[in-house]
Each structure stands twice: as C-alpha cells, then as structure tokens.
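Numbering-wise, the numbering used here comes out as the position in the sequence shown, counting from 1, plus 205.
Don't read these hints as lab results, they were simulated from the structure. Just so you know, not all the hints are guaranteed correct.
Claimed, not checked - In silico SDA-like links for lysine to any residue, alpha-carbon gap of 25 angstroms or less:
hint	residue 1	residue 2
1	Lys-300	Val-312
2	Lys-300	Tyr-403
3	Lys-324	Asn-292
4	Lys-300	Arg-284
5	Lys-324	Ala-247
6	Lys-300	Ala-335
7	Lys-300	Thr-413
8	Lys-300	Gly-289
9	Lys-324	Gly-350
10	Lys-324	Tyr-411
11	Lys-300	Leu-395
12	Lys-324	Asp-348
13	Lys-300	Ser-280
14	Lys-300	Arg-269
15	Lys-324	Ala-335
16	Lys-324	Gly-386
17	Lys-300	Pro-392
18	Lys-324	Arg-402
19	Lys-300	Thr-423
20	Lys-324	Gln-412
21	Lys-300	Arg-287
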Amino acid sequence: MKIRLASLVVALTAITGVELIAADADSAPPAAAVEAEPTTPAVDATFVDPDSAEAEPYRAVGDRAIDRFGVTIVSEASRAARDGPVNALALCHLKGIPVQGGFVGGVNRITAVKLTSLKVRDPANAPDPAEELALARVQSGIDLGMAPEILVQRIDSPGGGHEWRVYRPVAVLRQCAICHGPADQQPADLRAALQARYPNDQADGYQTGEWRGLIRVTVADPAPPAAAKPAVPPAKR
206 MKIRLASLVV
216 ALTAITGVEL
226 IAADADSAPP
236 AAAVEAEPTT
246 PAVDATFVDP
256 DSAEAEPYRA
266 VGDRAIDRFG
276 VTIVSEASRA
286 ARDGPVNALA
296 LCHLKGIPVQ
306 GGFVGGVNRI
316 TAVKLTSLKV
326 RDPANAPDPA
336 EELALARVQS
346 GIDLGMAPEI
356 LVQRIDSPGG
366 GHEWRVYRPV
376 AVLRQCAICH
386 GPADQQPADL
396 RAALQARYPN
406 DQADGYQTGE
416 WRGLIRVTVA
426 DPAPPAAAKP
436 AVPPAKR
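Hey, can you work out the whole structure from these sequences and the hints?
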C-alpha cells in the first residue's frame with residue numbers, strides 16, 4: 206500500500222506531473238507507536254515559518270532557485286533516458302554547476318545547492334546535521350500524512366552569524382527510476398557501473414513518485430541598500 210500525499214508539492218511534480226507517494230507504510234510501524242527518543246545533531250538550527258515576514262526574503266529567492274535547479278534535474282534525468290544511464294552517471298544530481306561571481310549557476314544570492322536523502326548513493330551527498338533535521342521533519346510529516354511543501358531553516362553560529370536554507374522534497378521521476386529503481390531490474394552494464402562508482406550505494410529500490418529526499422539551497426542575506434551620496438553644493442562663482 207502507498208500513502209498518497211496530495212499536499213507534498215515540489216517543483217519536479219509541477220514539471221513532470223508525477224505525484225509524490227511515501228514509502229510502503231506496511232513495512233513500518235505507525236509514527237505514534239515509535240517511542241524512541243530522537244537523536245539531536247550538534248547544530249543550532251531553527252525551522253522558521255515559511256510564511257513569516259522573517260522567512261519571506263529567503264523563501265522567495267530559494268523557491269525561484271529550486272524551480273530553476275528542478276528544471277536542471279529533469280534535463281539530467283531525460284538525458285540519462287536518451288543517451289543511456291551509464292553515460293549520464295557523471296552528470297546527474299546537479300554535479301558540475303559552475304559558480305559565477307560567488308553564486309551557484311550565477312543565481313543571485315544562492316551560495317550552495319545540494320540534493321540529499323536518507324538513502325544516499327554518492328557519499329558527497331550525505332546529509333550534514335542540519336539536513337538530517339530537515340529530512341527527519343519531512344519523514345515525520347509523511348508518517349502523519351501532513352508532509353511539508355517547503356522548509357525554511359536558520360542555522361546560528363556561536364559567533365553570531367547565521368545561514369539560511371530553503372528545502373523542498375523531491376520525488377523519483379520516471380526517468381530517475383532507471384538508475385534508482387529495483388537493482389534486479391537494471392541493465393547489467395548500468396548495475397556494474399553503479400557498483401564500481403558507488404560500492405556503498407543505498408539509493409535503489411525506489412518506485413516512480415516515491416519521496417527521494419530534499420533539494421536544498423543556501424540563500425545569502427539581501428544586499429544592504431546603497432548609502433545615499435551626500436549632496437554636492439554648487440561651485441561658487
């Protein structure tokens with residue numbers, strides 16, 4: 206049985222029409238039955254209401270950036286389907302996006318972008334402590350049937366600085382299932398390439414539409430308004 210999450214809307218869903226579904230609910234106990242105390246990563250991170258005035262300057266920019274990077278993900282997956290998944294392994298998952306002027310892909314105020322998951326293929330995409338909190342929050346929402354559409358997170362540093370992140374859940378597209386579907390259904394050359402490149406691969410066995418993980422962007426603070434130049438008095442004659 207699959208739990209359909211009508212409220213879990215992401216850029217990829219809008220682009221492809223894939224409806225997100227959760228993992229098989231019959232394989233896990235209900236969330237209410239789990240009494241284990243959660244592990245809190247050592248990070249000072251706070252989830253801020255995405256609709257609040259505090260979050261709005263970051264959510265708006267992050268939303269647009271995730272839409273843009275979502276198009277890139279779809280293009281990567283489509284290339285894998287067209288040119289062969291083995292040839293596309295080095296390109297998928299937002300690899301190789303150039304940094305222009307300090308911003309990823311030249312997108313204003315976006316200083317980092319990442320795809321991460323509870324089940325990673327590439328160790329470089331493993332979640333950091335703040336991302337673990339975001340993944341756990343989405344999983345809890347899925348368990349309760351109220352998964353968030355977007356998360357805004359503020360990470361505070363001991364020195365008083367902060368980092369703003371915007372997250373959105375992503376689903377397995379039909380094209381993504383070529384590489385992330387059941388291992389026994391993958392072509393032999395693809396399976397061999399995956400095992401050689403990612404010997405500790407955990408990211409297979411997914412069904413189309415299933416929750417895969419999160420796309421995360423880091424959003425820089427807005428630029429301060431330019432100081433007004435002092436008026437220059439007219440020259441005396």
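Do the hints match the structure? See the list:
The straight-line distance between the Cα atoms of Lys-300 and Val-312 is roughly 16 angstroms, inside the 25 angstroms bound, and the hint therefore holds. Among the hinted pairs, Lys-300 with Tyr-403 is consistent with the structure: their alpha-carbon atoms are about 15 angstroms apart, no more than 25 angstroms. As the CA atoms of Lys-324 and Asn-292 are separated by approximately 23 angstroms, the hinted pair is consistent with the 25 angstroms bound. Taken as a hint, the Lys-300 and Arg-284 pair is honoured in the structure, with Cα atoms around 14 angstroms apart against an allowance of 25 angstroms.
Distance check on the hinted pair: Lys-324 and Ala-247 sit about 21 angstroms apart at the alpha-carbon level, within 25 angstroms; holds. Taken as a hint, the Lys-300 and Ala-335 pair is honoured in the structure, with Cα atoms around 21 angstroms apart against an allowance of 25 angstroms. For the suggested pair Lys-300 and Thr-413, the alpha carbons sit about 22 angstroms apart, so the restraint of at most 25 angstroms is met. Simply put, Lys-300 and Gly-289 have alpha-carbon atoms about 17 angstroms apart, close enough for the 25 angstroms limit, and the pair holds.
Note on Lys-324 and Gly-350: the hinted pairing holds, with a Cα-Cα distance of about 21 angstroms set against a maximum of 25 angstroms. For the proposed pair Lys-324 and Tyr-411, the alpha carbon gap of about 10 angstroms is at most 25 angstroms, so the pair holds. Annotation: proposed proximity of Lys-300 to Leu-395 holds, straight-line Cα distance about 19 angstroms (limit 25 angstroms). As the CA atoms of Lys-324 and Asp-348 are separated by approximately 17 angstroms, the hinted pair is consistent with the 25 angstroms bound.
At most 25 angstroms may separate the alpha-carbon atoms for a hinted pair to count; Lys-300 and Ser-280 meet this at roughly 12 angstroms. Proximity of Lys-300 to Arg-269 is assessed by CA-CA distance (about 19 angstroms); at most 25 angstroms being required, the pair is judged to hold. Between Lys-324 and Ala-335, the direct Cα distance comes to roughly 16 angstroms. Compliance with the 25 angstroms bound is thereby established for this hinted pair. For the given pair, Lys-324 sits about 13 angstroms from Gly-386 by alpha-carbon distance, which is consistent with the 25 angstroms threshold.
About 23 angstroms separates the Cα atoms of Lys-300 and Pro-392, which keeps this hinted pair within 25 angstroms; it holds. Straight-line distance between C-alpha atoms of Lys-324 and Arg-402 comes to about 16 angstroms, which keeps the hinted pair within the 25 angstroms bound. For the proposed pair Lys-300 and Thr-423, the alpha carbon gap of about 16 angstroms is at most 25 angstroms, so the pair holds. Using a Cα cut-off of 25 angstroms, the hinted pair Lys-324 and Gln-412 holds, with the two alpha carbons roughly 14 angstroms apart.
Among the hinted pairs, Lys-300 with Arg-287 is consistent with the structure: their alpha-carbon atoms are about 18 angstroms apart, no more than 25 angstroms.
Hint compliance for this structure: every hint is met.
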